[in-house]
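Q: Can you build the whole structure from these sequences, using the hints too?
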Amino acid sequence: MEKESLKFVIVGHVDHGKSTLIGRLLFDTDSLPPDKIEEVEKASKGVGRKLEFAFLMDHLQEEREQGVTIDTTQTFFKSPKREYVIIDAPGHIEFVKNMITGASQAEAGLLIVDVNQGVAEQTKRHAYILAMLGLYQVVVILNKMDLVNFSEKRFRRVKQEVEKFLRTIDITPYFYIPISATKGDNVAGKSKNIPWHKGPTVLESLDSLKNRLPAENKPLIFPVQDVYRINGKRITVGRIEAGSIRQGQEIKILPSGQMTRVKSIEKFCEENIDRGDSGESIGITTQEPVFLDRGDVLCEPGKEPFLTDTFGANLFWMLKEDFGKKERITLRCTTQEISCRVTEIKKRINSSSLQVIEKDAGILRNLEVGEVMIKTKRPIAVKTFNDLAELGRFVLVKGNNICAGGIITTIISGRRFP
Amino acid sequence: MDHITKLENQTIFIIREAYRQFKNVAMLWSIGKDSTTALWLIRKAFYGKIPFPIMHLDTGYKFKEIYEFRGKYAKEWNLNLIVAKNKEAMNKGMSPEKGRFKCCTELKTNNLKKAIAKYGFRALYLAIRRDEHGIRAKERIFSPRDEDFEWDYKNQPPELWDQYKTKAKDEEHLRIHPLLGWTELNVWQYIKRENIPIVSLYFAKNGKRYRSIGCETCCNPVDSDADTIDKIVEELKISKVSERSGRAQDKESAYMMQKLRALGYM
Ligand SMILES: Nc1nc2c(ncn2[C@@H]2O[C@H](COP(=O)(O)OP(=O)(O)O)[C@@H](O)[C@H]2O)c(=O)[nH]1
Numbered sequence: 439m440e441k442e443s444l445k446f447v448i449v450g451h452v453d454h455g456k457s458t459l460i461g462r463l464l465f466d467t468d469s470l471p472p473d474k475i476e477e478v479e480k481a482s483k484g485v486g487r488k489l490e491f492a493f494l495m496d497h498l499q500e501e502r503e504q505g506v507t508i509d510t511t512q513t514f515f516k517s518p519k520r521e522y523v524i525i526d527a528p529g530h531i532e533f534v535k536n537m538i539t540g541a542s543q544a545e546a547g548l549l550i551v552d553v554n555q556g557v558a559e560q561t562k563r564h565a566y567i568l569a570m571l572g573l574y575q576v577v578v579i580l581n582k583m584d585l586v587n588f589s590e591k592r593f594r595r596v597k598q599e600v601e602k603f604l605r606t607i608d609i610t611p612y613f614y615i616p617i618s619a620t621k622g623d624n625v626a627g628k629s630k631n632i633p634w635h636k637g638p639t640v641l642e643s644l645d646s647l648k649n650r651l652p653a654e655n656k657p658l659i660f661p662v663q664d665v666y667r668i669n670g671k672r673i674t675v676g677r678i679e680a681g682s683i684r685q686g687q688e689i690k691i692l693p694s695g696q697m698t699r700v701k702s703i704e705k706f707c708e709e710n711i712d713r714g715d716s717g718e719s720i721g722i723t724t725q726e727p728v729f730l731d732r733g734d735v736l737c738e739p740g741k742e743p744f745l746t747d748t749f750g751a752n753l754f755w756m757l758k759e760d761f762g763k764k765e766r767i768t769l770r771c772t773t774q775e776i777s778c779r780v781t782e783i784k785k786r787i788n789s790s791s792l793q794v795i796e797k798d799a800g801i802l803r804n805l806e807v808g809e810v811m812i813k814t815k816r817p818i819a820v821k822t823f824n825d826l827a828e829l830g831r832f833v834l835v836k837g838n839n840i841c842a843g844g845i846i847t848t849i850i851s852g853r854r855f856p
Numbered sequence: 610m611d612h613i614t615k616l617e618n619q620t621i622f623i624i625r626e627a628y629r630q631f632k633n634v635a636m637l638w639s640i641g642k643d644s645t646t647a648l649w650l651i652r653k654a655f656y657g658k659i660p661f662p663i664m665h666l667d668t669g670y671k672f673k674e675i676y677e678f679r680g681k682y683a684k685e686w687n688l689n690l691i692v693a694k695n696k697e698a699m700n701k702g703m704s705p706e707k708g709r710f711k712c713c714t715e716l717k718t719n720n721l722k723k724a725i726a727k728y729g730f731r732a733l734y735l736a737i738r739r740d741e742h743g744i745r746a747k748e749r750i751f752s753p754r755d756e757d758f759e760w761d762y763k764n765q766p767p768e769l770w771d772q773y774k775t776k777a778k779d780e781e782h783l784r785i786h787p788l789l790g791w792t793e794l795n796v797w798q799y800i801k802r803e804n805i806p807i808v809s810l811y812f813a814k815n816g817k818r819y820r821s822i823g824c825e826t827c828c829n830p831v832d833s834d835a836d837t838i839d840k841i842v843e844e845l846k847i848s849k850v851s852e853r854s855g856r857a858q859d860k861e862s863a864y865m866m867q868k869l870r871a872l873g874y875m
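Chain order of the listed sequences is A and B. Residues 439 to 856 (this note's numbering) make up the first sequence, in order. Residues 610 to 875 (this note's numbering) make up the second sequence, in order.
Some hints here could point you the wrong way.
Keeping only pairs whose Cα atoms sit at most 25 Å apart, straight-line, the calculated PhoX-like set for lysine-lysine is [what the hints assert, rightly or not]:
| # | chain 1 | residue 1 | chain 2 | residue 2 |
| --- | --- | --- | --- | --- |
| 1 | B | Lys846 | A | Lys516 |
| 2 | A | Lys701 | B | Lys653 |
| 3 | A | Lys621 | A | Lys602 |
| 4 | A | Lys519 | B | Lys846 |
| 5 | B | Lys684 | B | Lys658 |
| 6 | A | Lys480 | A | Lys621 |
| 7 | B | Lys817 | A | Lys758 |
| 8 | B | Lys615 | A | Lys445 |
| 9 | B | Lys658 | A | Lys813 |
| 10 | A | Lys785 | A | Lys741 |
| 11 | A | Lys705 | B | Lys658 |
| 12 | A | Lys516 | B | Lys840 |
| 13 | A | Lys758 | B | Lys776 |
| 14 | B | Lys846 | A | Lys445 |
| 15 | A | Lys784 | A | Lys763 |
| 16 | B | Lys776 | A | Lys815 |
| 17 | B | Lys846 | A | Lys648 |
Hints are computed from structural coordinates only; laboratory data are not their basis. In this text, all values refer to a predicted model and were calculated from it rather than measured experimentally.
A: If you want it as structure tokens, here you go:
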């Protein structure tokens, strides 16, 4: 069977060299079709440049003409060891929500910093977002070493600066790698210009990263997606977010607290399935004719998640309009959807400097982080993010759009048992 | 869980999410390998009873093998098939000779617009993949199109943790892309694993095969001796030529694809 590919995101301040590094990685691993190189050469000439690696990822006309990445892109490449999906995330402040979209799908993050410039505004914000998304596998790339004559001293100074900041958000990078993306130093091959670097190249560092493990060894969480009536059977479908489900197993339905047993596990054209595991999209039928609907969460009796209407969270607001405390807004956590209010904004935080702007605030502005208390209209099934990411994160939806992402940090007045 | 199984489960999840939110949906079936794979997964998601129509945008210029395949499997899989044609443009003799951009716009994009207006679809499943083209790599899984069918690629909604834009204004429709994260190789590996029937044009005859199929007028075969799925998988593992290299649309100008897509092309 094919090995799993690893998804990683490259983040960093605009112009620190994300697109160039990606172009280099693709070029040096021989992952570029000749017609693609030709196409990029042609488009580069069109705007009066030679071969612009950044064009490999920047495909929109505006991106190429203005030389900025607007939206997140995914590209595939292979090292001799395994396959990768690179997620390129825009570094410009205008496009932070695209950066979050990209980064939320990654299993690891490369944070790129221009050694000539050092830590910049989006370096910090992006690092914070990685931390918030729970991406703990981070590699720091110090780029443009050619501009500082491959100076070890300069490298150490910037490394210290980055380290100091990352410590405050609990990120301990696996490696710090000095590179020159344009020249290819330490990207796929060791650099002769940087003999003092004893660590891995970018490609070697990637090969050492691990896939995110599915939550197999945790208690069952099966949020109901929908219920279908097929040939007289009522099939409850969904994806197992944690643990496993077995035929004959006793299950509890949240929020109602009803109990039933799994009569059968259903997949198209497969018979006698006796179990389903986390990550699988399955269907089940139940022994008792219980009423199930989207948003119900099936779990293991005695090992339920919390059922609560009040919890503490870190919220990242990403809408141009301000968010006011007490405003009614829709919360979505797995397939659960419910109206809620933010009852307290304990701290309003600048997501770049991480400075507290205001305590006990009334609003959150675009790209600010809030330490908040949330109260939902009715109790929902949750866990803290550290306990189970799938049930500890949520989005807020206003009008027709997702406008915030949140991580559950504390659970107050929770009941394990309805 | 191996990579292909992971993709399969994710795709079924997406298909079910979309149908839950938009009952008035359809799937666009080009009868190529990707949309046939998507159709296979849609059959799995709904246990063989697909609750919405499957639509083929017929330009009249498709290969005869495509028409045969369509007839055979529409019946075998019990599909509610809609064959959509822009009769007006066809009657006026629209063809690639009148300009490729114009032809695609009339026989595909405007054809689709008319069909959406006629049936009132709120969402469409499309089997595009990120690795096909740089523009497609920028897509979201749930991607809105406004009333003029335009794709506002500069202002796409955020998408995180499998939470999608599942609500839309009345005048909008959503494109659902359940295969977005698959590669060409993944699709073939899955076709092999599941034994999915595929149009014969993909298999080499006399040293040539099609890697991507559309209209007979605008597709060229590539050199290949791969006449079985196994050989195709092997070929793709070493091939360096990009998949759409036989497609004329991608060659006209660097941004033809972007312009077509911004106007509502797939
Ligand atoms: N001298 C030097 N210039 C670089 C290096 N990497 C990137 N650049 C240049 O820095 C600019 C911004 O790079 P780009 O990859 O577009 O940055 P992005 O905004 O982070 O994607 C471009 O003009 C690159 O050519 C490097 O290693 N050395």
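Q: Can you confirm whether the C-alpha distance between Lys516 of chain A and Lys840 of chain B stays at or below 25 Å?
A: Holds, at roughly 20 Å.
Q: Would you check the hint for Lys846 of chain B and Lys648 of chain A, treating anything up to 25 Å between C-alpha atoms as holding?
A: 23 Å, holds
Q: Keeping to a limit of 25 Å between CA atoms, is the pair of Lys785 of chain A and Lys741 of chain A held or broken?
A: 33 Å, violated
Q: Under the criterion that the straight-line Cα-Cα distance not exceed 25 Å, is the pair Lys705 of chain A, Lys658 of chain B satisfied?
A: Answer holds: Lys705 of chain A to Lys658 of chain B is near 13 Å, not above 25 Å.
Q: Going straight from one Cα to the other, do Lys480 of chain A and Lys621 of chain A come out at no more than 25 Å?
A: Between Lys480 of chain A and Lys621 of chain A the Cα gap is close to 21 Å, so the pair holds against 25 Å.
Q: Starting from Lys615 of chain B, check that the Cα of Lys445 of chain A is at most 25 Å away, please.
A: 13 Å, holds
Q: Are the Cα positions of Lys621 of chain A and Lys602 of chain A separated by 25 Å at most?
A: 29 Å, violated
Q: Between the alpha carbons of Lys684 of chain B and Lys658 of chain B, is the straight-line distance 25 Å or under?
A: Holds - the C-alpha atoms of Lys658 of chain B and Lys684 of chain B are around 13 Å apart, at most 25 Å.
Q: Starting from Lys817 of chain B, check that the Cα of Lys758 of chain A is at most 25 Å away, please.
A: The hint is violated at about 53 Å.
Q: Take the C-alpha atoms of Lys519 of chain A and Lys846 of chain B, compute the straight-line distance between them, and say whether it is at most 25 Å.
A: 14 Å, holds
Q: Does Lys846 of chain B pair with Lys445 of chain A here, judged by a C-alpha cut-off of 25 Å?
A: 19 Å, holds
Q: For the pair supplied as a hint, Lys846 of chain B and Lys516 of chain A, is the alpha-carbon distance within the 25 Å limit?
A: 10 Å, holds
Checked against the numbered hints given earlier, this structure breaks hints 3, 7, 9 and 10; the rest are met.
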